[in-house]
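S.K.: Residue numbers (this note's numbering), protein chains in the order written: chain A, 1 to 281; chain B, 1 to 188.
Simulated from the structure, these hints should not be mistaken for laboratory data. The C-beta atom is built at its ideal place from N, Cα and C for all residues, glycine as well.
Distance ranges between label pairs, derived from CB positions:
(1) B:Ser175 to A:Glu62: 29 to 37 Å
(2) A:Ala223 to B:Met41: 44 to 52 Å
(3) A:Ala113 to B:Pro69: 26 to 34 Å
(4) B:Gly95 to A:Ala217: 55 to 63 Å
(5) A:Ser196 to B:Gly95: 49 to 57 Å
(6) A:Glu5 to B:Val28: 54 to 62 Å
(7) B:Lys153 to A:Glu166: 48 to 56 Å
(8) B:Val28 to A:Pro44: 30 to 38 Å
(9) B:Leu43 to A:Arg4: 55 to 63 Å
(10) A:Pro7 to B:Ser175: 55 to 63 Å
(11) B:Pro8 to A:Asn152: 28 to 36 Å
(12) B:Ala38 to A:Lys104: 30 to 38 Å
(13) B:Ala182 to A:Leu159: 30 to 38 Å
(14) A:Gly122 to B:Glu48: 25 to 33 Å
Derived lysine-lysine pairs resembling DSBU-like cross-links, with alpha carbons at most 35 Å apart:
(15) A:Lys206 to A:Lys170
(16) B:Lys157 to B:Lys4
(17) B:Lys153 to A:Lys61
(18) B:Lys153 to A:Lys47
(19) A:Lys47 to B:Lys4
(20) B:Lys157 to A:Lys61
(21) A:Lys63 to B:Lys4
(22) A:Lys104 to B:Lys157
So these bits of chain B aren't anywhere near chain A, every CB distance computed over 12 Å:
(23) Leu44
(24) Ser137
(25) Ile141
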Amino acid sequence: MSIREIPAAAVTDAVEALCIEANTSLPVDVKAALDAAEAAEPWPLAKETLGLLQQNLCVAKEKNLPICQDTGMACVFIELGQDVHIDGDLNAAVNEGVRRGYEKAYLRKSITADPLQRVNTGDNTPAFLTVHLVPGSGCKITVAPKGAGSENMSRLAMLKPADGVEGVKKFVLDTVEQAGANPCPPIVLGIGIGGSFDHCAALAKKALLRPLDTPNADPYYAALEKELLDAINATGFGPQGFGGATTCLGVAIEQKPTHVACLPVAVNISCHVTRRASREL
Amino acid sequence: MQYKLNTPLSKQDLAPLQAGDTVLLSGVVYTARDAAHARMMELLDKGEPLPFPIEGAAIYYVGPTPERPGCAIGAAGPTTSGRMDAYTPRLLDLGLACMIGKGKRTEAVKQSVVKNGAVYLAAIGGAGALMAGSVQSCEIIAWPDLGCEAVRKLVVKDFPLTVLLDTYGGDLYQSGPAAYLASRGTQL
Chain A
1 MSIREIPAAA VTDAVEALCI EANTSLPVDV KAALDAAEAA EPWPLAKETL
51 GLLQQNLCVA KEKNLPICQD TGMACVFIEL GQDVHIDGDL NAAVNEGVRR
101 GYEKAYLRKS ITADPLQRVN TGDNTPAFLT VHLVPGSGCK ITVAPKGAGS
151 ENMSRLAMLK PADGVEGVKK FVLDTVEQAG ANPCPPIVLG IGIGGSFDHC
201 AALAKKALLR PLDTPNADPY YAALEKELLD AINATGFGPQ GFGGATTCLG
251 VAIEQKPTHV ACLPVAVNIS CHVTRRASRE L
Chain B
1 MQYKLNTPLS KQDLAPLQAG DTVLLSGVVY TARDAAHARM MELLDKGEPL
51 PFPIEGAAIY YVGPTPERPG CAIGAAGPTT SGRMDAYTPR LLDLGLACMI
101 GKGKRTEAVK QSVVKNGAVY LAAIGGAGAL MAGSVQSCEI IAWPDLGCEA
151 VRKLVVKDFP LTVLLDTYGG DLYQSGPAAY LASRGTQL
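Chain A with its partners taken away, still in its complex shape:
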């Protein structure tokens, strides 16, 4: 078997470009969801507010500005083929890509070096890097900048197995209710169910990477996604929490096996600026 060599510099170049792309243009599926919501919104103030969000996307494009001033923490995901060797330091290569992308495109540097001593690192590093080893010789890089307004309203609970699906639904809806207007609705929800404490949180984040027009492959979970989406939109919070039908653009659930005594559920909230950009090396 041959090993494919990928120079670390290629990773840096890709991460740099993806940081800029993700922060300045919305993924096609998120834009389509926003278009559909605006067309269907019956409440005048809500329709007007959704129109302003659309206008913002146009201004960002015209003036070469980030869509949102919170250009986020650089969450980077790499699906790395087992038959690939990265020639160089992968972590350093990713950080260098973030450093260059955030500087070049005038993106905001929002990372503190220490959670309690709060000194800005000045270049938006370190990236938050997740590497998944997969069969083959591919290398797919995704950059998903994540803002704090929605990240801060995310929650995880270790439910009891007896709480069941009703307990999961209640926790999700309580989380959305507590979040209110803070995460800039219309929101997008990534939900992790199962696994261990840490894997559950990672599942919720992974769920946010799935295009909004792609339901869970398992019909049981696809139906649960739809049910939660309808329940959230029935709250009437509306865009920005000003009232209306459009509170949530999409719900994605990722599930995995768990312990007989566990029912972890994690809700990672994202906003109407749910950003991600990918490239295959």
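Following the hints, put chain B in place on chain A, whose structure we already have.
M.R.: Chain B in isolation, oriented as in the chain A frame:
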């Protein structure tokens, strides 16, 4: 109802505003968020002056992206106001007239808004590029070491805002969804 207002703001300017009204705000607006608020509290504790006159002032909770050459400011949408709740009543008691941000406030802030005849206005969260269009100039006036959290003096023209909390206790986050649900024949 839409109002055109200029800073500094008097109680008379703010008295007609009701939750759900829109405002086009012009004049000087100061930016301050988490770290700047913490430092302002330290100054007050030491009896020293704040970096800007607080009486009648408008504070915008924002940390803009760096400006490109030739631009006044980068993307500049609001950050979550609730993180400033602990500091807010003290500033309102000193004459702060207007806060601009997004998201819920505590009961203590709501009561202080009513007591002091102030208002809390929403900028559109996540619409940073759009909001930047109303900013004519931007100058750092305190704590440049805080980067995006430094205190900036903005001059804005017709900055589009929506009243969230008014001087009578009105709260758009309650009345807005309730009005929508009522129109659909449902109650909260």
